[in-house]
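Student: Following numbering that gives the first Met the number 0, the numbering of the sequence shown begins with 0 at its first residue and continues without gaps.
Among the clues, some could well be false.
[Unchecked claim] The calculated label-pair distances, taken between Cβ atoms and stated as ranges, are:
#, residue 1, residue 2, range
1, 52, 32, 15 to 23 Å
2, 93, 32, 15 to 23 Å
3, 101, 57, 30 to 38 Å
4, 97, 37, 34 to 42 Å
The hints are simulated quantities; they were obtained by calculation from the structure and are not laboratory data.
Given the structure is predicted, the values throughout are model-derived calculations rather than measurements.
Glycine included, C-beta positions come from ideal geometry on N, C-alpha and C.
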Amino acid sequence: MIIEYIRYAIPAEQAQAFLSAYRAAATELRGSVHCLDYEISRCTEEPTSFVVRIRWDSLEGHLQGFRKEASFPSFFAKVKPFFENIQEMRHYALTDVAGAGGRPGG
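Make the full structure from the sequences, and use the hints.
Tutor: Here it is as structure tokens:
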């Protein structure tokens, strides 16, 4: 498994269009056997900062699988208007440092 993180700086007046574009593009993500899950987070301290997190089955599954699927051009067309706003787009592998936080009474 590999995790793709895409950091965006989206002007406030484009935030809803950005989220709408990814809502529409989620159709292609859900349809790919290579996409395990995805989410978009918005920074509470700096609301123009967004992070798209996509878990892929593998780096090859993303680059050689999803990007070569018939649905990729449709996905790309939906999110392409925001590519100039990308600050970082990289793939990360998990380390052995992971866990859940404790919750009182839980």
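Student: Give a verdict on every hint.
Tutor: Evaluation of the provided hints:
With their beta carbons about 19 Å apart, residue 52 and residue 32 fall inside the hinted range of 15 to 23 Å. One distance hint, 15 to 23 Å for the beta-carbon pair residue 93 and residue 32, holds here, with the actual separation near 20 Å. At roughly 32 Å, the beta-carbon separation of residue 101 and residue 57 lies within the given 30 to 38 Å, and the hint holds. Separation of residue 97 from residue 37 is about 19 Å and departs from the stated range, judged on CB atoms against 34 to 42 Å.
This entry does not satisfy hint 4, going by the numbered hints stated previously; all others are met.
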